[in-house]
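J.: In order, the protein sequence lines correspond to chains W and Z.
The first sequence begins at 27 in the working numbering and counts up by one.
The second sequence begins at 27 in the working numbering and counts up by one.
Possibly wrong hints are sitting among the right ones.
Identical chains share a label here; the pair holds if one copy fits it or two copies do between them.
Straight-line C-alpha distance at most 30 Å; calculated BS3-like pairs for lysine-lysine [stated by the list, open to error]:
no., residue 1, residue 2
1, K163, K345
2, K164, K42
3, K32, K71
4, K324, K71
5, K338, K71
6, K163, K71
7, K32, K42
8, K52, K324
9, K71, K345
10, K338, K73
11, K345, K319
12, K338, K324
13, K164, K71
14, K71, K341
15, K52, K71
16, K163, K32
17, K319, K32
No lab work stands behind these hints: they were computed from the structure.
There are 2 protein chains.
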Amino acid sequence: MAYNIKEIALRVGVSKSTVSRVISGKGYTSPEVRERVLSVVEELKYKPSAVARAMVSQRTNNIGVIIYRDQQPIVSHPIYGKIVDSILVAAQAMGYSVYLATDRGMSLSSTDFMMEKRVEGLILISRLRQNVIEYVKKFNIPYLMVNGSTDDPEVMHFVSMDEEGGSHAASYLYQLGHRNFFVIAGPQEHRSHNLRLRGFQESMERMDENIEMSVYYSPESSFEQGYRLLEEQWDYFIGQGFTALFATNDMMALGAMKLLQQRSVPIPGQVAVMGFDDIEYAAMYSPSLTTIKVDNSKIGHDAVVMLDRLIKQEKVLSKLNEYTSELVIREST
Amino acid sequence: MAYNIKEIALRVGVSKSTVSRVISGKGYTSPEVRERVLSVVEELKYKPSAVARAMVSQRTNNIGVIIYRDQQPIVSHPIYGKIVDSILVAAQAMGYSVYLATDRGMSLSSTDFMMEKRVEGLILISRLRQNVIEYVKKFNIPYLMVNGSTDDPEVMHFVSMDEEGGSHAASYLYQLGHRNFFVIAGPQEHRSHNLRLRGFQESMERMDENIEMSVYYSPESSFEQGYRLLEEQWDYFIGQGFTALFATNDMMALGAMKLLQQRSVPIPGQVAVMGFDDIEYAAMYSPSLTTIKVDNSKIGHDAVVMLDRLIKQEKVLSKLNEYTSELVIREST
DNA sequence: ACTTAATATGGGAACGATCCCACAACAAAT
DNA sequence: ATTTGTTGTGGGATCGTTCCCATATTAAGT
Numbered sequence: 027m028a029y030n031i032k033e034i035a036l037r038v039g040v041s042k043s044t045v046s047r048v049i050s051g052k053g054y055t056s057p058e059v060r061e062r063v064l065s066v067v068e069e070l071k072y073k074p075s076a077v078a079r080a081m082v083s084q085r086t087n088n089i090g091v092i093i094y095r096d097q098q099p100i101v102s103h104p105i106y107g108k109i110v111d112s113i114l115v116a117a118q119a120m121g122y123s124v125y126l127a128t129d130r131g132m133s134l135s136s137t138d139f140m141m142e143k144r145v146e147g148l149i150l151i152s153r154l155r156q157n158v159i160e161y162v163k164k165f166n167i168p169y170l171m172v173n174g175s176t177d178d179p180e181v182m183h184f185v186s187m188d189e190e191g192g193s194h195a196a197s198y199l200y201q202l203g204h205r206n207f208f209v210i211a212g213p214q215e216h217r218s219h220n221l222r223l224r225g226f227q228e229s230m231e232r233m234d235e236n237i238e239m240s241v242y243y244s245p246e247s248s249f250e251q252g253y254r255l256l257e258e259q260w261d262y263f264i265g266q267g268f269t270a271l272f273a274t275n276d277m278m279a280l281g282a283m284k285l286l287q288q289r290s291v292p293i294p295g296q297v298a299v300m301g302f303d304d305i306e307y308a309a310m311y312s313p314s315l316t317t318i319k320v321d322n323s324k325i326g327h328d329a330v331v332m333l334d335r336l337i338k339q340e341k342v343l344s345k346l347n348e349y350t351s352e353l354v355i356r357e358s359t
Numbered sequence: 027m028a029y030n031i032k033e034i035a036l037r038v039g040v041s042k043s044t045v046s047r048v049i050s051g052k053g054y055t056s057p058e059v060r061e062r063v064l065s066v067v068e069e070l071k072y073k074p075s076a077v078a079r080a081m082v083s084q085r086t087n088n089i090g091v092i093i094y095r096d097q098q099p100i101v102s103h104p105i106y107g108k109i110v111d112s113i114l115v116a117a118q119a120m121g122y123s124v125y126l127a128t129d130r131g132m133s134l135s136s137t138d139f140m141m142e143k144r145v146e147g148l149i150l151i152s153r154l155r156q157n158v159i160e161y162v163k164k165f166n167i168p169y170l171m172v173n174g175s176t177d178d179p180e181v182m183h184f185v186s187m188d189e190e191g192g193s194h195a196a197s198y199l200y201q202l203g204h205r206n207f208f209v210i211a212g213p214q215e216h217r218s219h220n221l222r223l224r225g226f227q228e229s230m231e232r233m234d235e236n237i238e239m240s241v242y243y244s245p246e247s248s249f250e251q252g253y254r255l256l257e258e259q260w261d262y263f264i265g266q267g268f269t270a271l272f273a274t275n276d277m278m279a280l281g282a283m284k285l286l287q288q289r290s291v292p293i294p295g296q297v298a299v300m301g302f303d304d305i306e307y308a309a310m311y312s313p314s315l316t317t318i319k320v321d322n323s324k325i326g327h328d329a330v331v332m333l334d335r336l337i338k339q340e341k342v343l344s345k346l347n348e349y350t351s352e353l354v355i356r357e358s359t
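Starting from the given sequences, assemble the full structure and let the hints guide the process.
T.: Pasting the structure below:
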């Protein structure tokens, strides 16, 4: 069992108040006593209990991060991993400790345990159900959402400017001379995938009314599904002579690209491929993937800064925090 | 501020003891009182404070996970991400909450805060310095290391059977007919990279004394360094006519493969490429990468199970837990 | 009628810190 | 000589639970 302040006081021969004063550095302490206390503290490797301290100070300095996923990967997901990395770094720099948890579907169990742990704020990552949001709201605790799918105007939300990004992708591909597009869109209930698609479509229409575009919805925005979807539509794909393929995220784009390579379709010679997100692997792939970069590190960092402001009850500017996305041109186009 | 048990007791008109009994479900409580208490609890969304509970029960049900990295990626690293995923899932299933932190170099600050938080056990991930290990030891708390680099026999350690894996790789490539190898090895101070290399080399020597093998050490086991190292040795590489390239991890193998593809070297036609780890991207790459699979999910899961045993002071079998690695044959060989 | 047991409830100590308050000792200022 | 201020220390309430113990009521067994 860990030592406590009383034990230290006993060994030094002073009261626990004095020990407390030495450790916290506030209040008067004589140099000799201070030294004796510190030497015993060092010797026994005494660390004051954050649990007891939280009890009296009514502050835990803990924040909770919950990632909503129905299956693996959780943190090994290229986007969420990046976000968690930056949350970790920012939180530690600001003096918060982070509880990390994952919940599936509409489970509330992680929320419950976070509340019991008395976290001071909550960061909800990924697409969580509305019932979870309603539940979290009831606890009157600062929270915010990253990469979610809600239209609830009450919820502070950190997302990329998906529609704008889709539009960037459209302009770029159009400008390269492409006029017929095969588009792989993520699940329709996904806010960001929808917006990316809409931005792409509307931008195209604005530029040219005679664009050929075939849109397919993937049940999941994964590598495997990107691959499979293109495989299922292969005959049509080849028959129609599409010159460009746009997917609403990199994973699906990579999946499609993998199939194209296996079937020896030159990229970008015969078909240009473009994704969205700029995950780590996009640059590594061969050919490297042209994409729309979303700065998830910045999003994660800013989310922590904002949560801190909410915790400190400082003024916040806006509920919806949108991040500009930027075109990254690589080998696949 | 969150409600407390006294507030609930006051509203129901009973003592806090009674409320406590209703919530914990132990001791006698009359049905009517129970119902009244539960309805107020539900109405106010009261959650008992785990902080106060930890105070009296002397158990926090928290474990700490510290990832030692000098730079990003932390959790977005393909291996550590996988490990953290499985730790999260296992820990939650066993009733533990997890604090996640990261430390650089020989910093002790995460250890300190974990001790203050009174975590019941610690999982140390990645290559941490010996001074950190010595520091952790002093606290007399269950801890174990995953994917580390220590030779300290005292430290419970979870690693893959790297030497065996290197040997598998050697046999496989030899059996394919390769006799001259270009090897990219990770940093020499890395235990696992060293063992992988040694297993590869010694196995080769055992099979055939006339093997040509050029070994290069990369300062970092990353994609970029794999790429760069091959680029620097390019003339030699091409001149010598190596038919196989083995890297001691997938990231470096992929980096090298990327360069080979950019320079239009057919894989595996002219050069076969093999990695180690079987990270997610190995299968996605085109061509997909032949590698030695390390089951990091299992390692993470088992580490939690073991930590739980250490916490419960149950008997543990061995300090060193090694996981067999298995050959995964794909397109790159 | 009287012990015994089961059911039901409340009071209060304990966990390990913080922090306010009381009190001493001593110096400096009136 | 008395007040005031500074320095240094200790006592004890407090935070929100759990859990032991005391007490009360009712039912059952002798």
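J.: Would you list, in rising numerical order, the hints stated earlier that this structure does not obey?
T.: 4, 8, 17
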